[in-house]
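> Each chain is listed here by its residues.
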Amino acid sequence: MTVTTYSSTPLPRRRKSAAHWVLRALGVLILVLVIWRVYTVGMAENYPASFWISQALNGLVLGGVYALVALGYTLVYGILLMINFAHGEVVMIGGFAGFFALQFFTAIGWLEGSAALVAFALLLIVGAGMLASVLTGVTLERVAYRPLRGAPRLVPLISAIGASLFLQYSVLLIFGVSPRVYQKPALIAGGFRVGDVFVPYTGVIIFATSLLLMLALYLIVQRSKLGKAMRAVAEDKGTAALMGIDVNQVIVFTFILGSALAGAAGVMLGFHNTIVKFNSGFILGLKAFTAAVLGGIGNIPGAMMGALLLGLIEAIGPSALGIPTEYKDIISFSVLVLILIFRPSGLLGEVLSEKKA
Amino acid sequence: MLVLDQIHTYYDRIHALKGVSLTVQQGEIVTLIGSNGAGKSTTLRTISGLLNPRMGSITLDGEPIDHLPAHEITRLGISHSPEGRKIFARLTVEENLELGAFARKDKPGIREDMNRVMDLFPRLRERLHQRGGTLSGGEQQMLAIGRALMSRPRILLLDEPSMGLAPLLVEQIFRIIENINEQGTTILLVEQNAHVALSIANRAYVMETGVIVLEGPAAEVLASPQVREAYLGG
Ligand SMILES: Nc1ncnc2c1ncn2[C@@H]1O[C@H](COP(=O)(O)OP(=O)(O)O)[C@@H](O)[C@H]1O
Ligand SMILES: [Mg+2]
Chain U
1 MTVTTYSSTP LPRRRKSAAH WVLRALGVLI LVLVIWRVYT VGMAENYPAS FWISQALNGL
61 VLGGVYALVA LGYTLVYGIL LMINFAHGEV VMIGGFAGFF ALQFFTAIGW LEGSAALVAF
121 ALLLIVGAGM LASVLTGVTL ERVAYRPLRG APRLVPLISA IGASLFLQYS VLLIFGVSPR
181 VYQKPALIAG GFRVGDVFVP YTGVIIFATS LLLMLALYLI VQRSKLGKAM RAVAEDKGTA
241 ALMGIDVNQV IVFTFILGSA LAGAAGVMLG FHNTIVKFNS GFILGLKAFT AAVLGGIGNI
301 PGAMMGALLL GLIEAIGPSA LGIPTEYKDI ISFSVLVLIL IFRPSGLLGE VLSEKKA
Chain C
1 MLVLDQIHTY YDRIHALKGV SLTVQQGEIV TLIGSNGAGK STTLRTISGL LNPRMGSITL
61 DGEPIDHLPA HEITRLGISH SPEGRKIFAR LTVEENLELG AFARKDKPGI REDMNRVMDL
121 FPRLRERLHQ RGGTLSGGEQ QMLAIGRALM SRPRILLLDE PSMGLAPLLV EQIFRIIENI
181 NEQGTTILLV EQNAHVALSI ANRAYVMETG VIVLEGPAAE VLASPQVREA YLGG
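Residue numbers (the working numbering), protein chains in the order written: chain U, 1 to 357; chain C, 1 to 234.
Since the hints were made in silico from the structure, they are not lab data. Some clues are possibly wrong.
Partner residues are not named here, just some residues of chain U that face chain C (Cβ under 7 angstroms, in silico) [unchecked claim]:
no. : residue
1   : ARG231
2   : ALA232
3   : GLU235
4   : LEU242
5   : MET243
6   : GLY244
7   : ASP246
8   : ILE283
C-beta: ideal position from N, C-alpha, C; glycine also.
Assemble the whole structure, with the sequences as input and the hints as a guide.
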């Protein structure tokens, strides 16, 4: 039986080692290179303002979806101090479920029906993705993480990586390597123009849905009884149990919330990227994790902010740096490395620890 | 109503309780005193289910509760205000109190108890929307007791409510504890501050290194040479 202890004393400052300074120097070097590159290449291209605006809009759409995924990492981390490395696969499975639901509603003709019918079908498609992801997430918690609770922190992490590979290759085995292609309903395939900027309908729908889901999450965590219990469990499991809170139930609830957001993200990414396949969740998961770390892992507003920022960086970065968009992942992961070097607690991390004191 | 019979509790290989037996009757204030490391907090943690005894039994009104998880024990009417207060620092005072009533469904009753707690501790009313972590030590202790009362417990377990408080505040807190008891809540009070604890208790147990070494009516325990020498400075 473990007894959680309440620690209000700050961690002692670690002495800065030589490696630390080498890393810092490396980080500064990267930053200088980035700025030089933006200055000499990105600016020299002379793209029109409308180009940057549409890139930025695209970045916000992507960032909104990243935020939904990043929240899953941050919620679970906040409660269990564990990185759920299989979370990307939870998103991918939501994407698959959404694809099959989309196929079903296409087959029965709802997607060529009235606007209301299409909207209703889309809602059900997102719902199907959420349901599949929730089932996956809750199973993961029960099978891969709960039996290891109380073990050293590295152990559930390894279990999570194992679960991630297990889910990827199970999907590979069942559905094969070929990607599933999302067909947008004709009604939402187009877009509209604001000046020189083209805005796709799906982008607007995805961004609005992401914001709505984030708002819903925020309200649940801040206002609902279970949300308050979640925050209590995040602070101190033993004392939370003394309040009559069933800690296991709250942990399951946390996985349900995170996975539901992941499922919605999986479906929306399906529409955005047009495809989903067995390894769709892998890089995405790492990026959302980056976003969560960028904002300060465990911090809910941080995850939202970090994800929107990362989406913007990723959308604007390739053009600004003059590198091909296929290499945009390099940018995200450089961001991860840079934060880990300069500000491991993330952008909002410090604020949190001050408030905690 | 609460009976511990030959309880043995371990922290891994550390044998912290070595056959502790004690009883608490309805309406009493019972105090458990002893020096630092005697096993007082361990006893409370074992009762409230944070720890599981390896041997022995705990019954509440004759029903065994030693195998139940902590949240179910709370729901049976045992409320534990832990050592070091352990209020939720990032939650507001109001949220802390609401969580105390987590297992309850009777909204009007919860409101009523919220008001009762704030009447007992008017300071909490002023600080209702502040984060728990911003309160002073004394206010945190009031919040911890208030939060424990919010489950409307039949038995309140208090672990060193006087810890780290100025004498005047200690006196005030102990008057409130007596007041809570007069309103019908049974109290098991753990204290290192033996003198104050014995002055409000009906009965007392004295603990040393995991065993009960003395028990009896508080006045007798207070008068015993053993206790005078060990805890009250002769
Ligand atoms: N979390 C823990 N892990 C290991 N040993 C503990 C823990 N808590 C208490 N102990 C040990 O159990 C014994 C009783 O401690 P405790 O119940 O806290 O005493 P008291 O409350 O009377 O000061 C002590 O020897 C203490 O070192
Ligand atoms: Mg103690």
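> Provide an ascending list of the numbers of those earlier hints which the structure does not satisfy.
8
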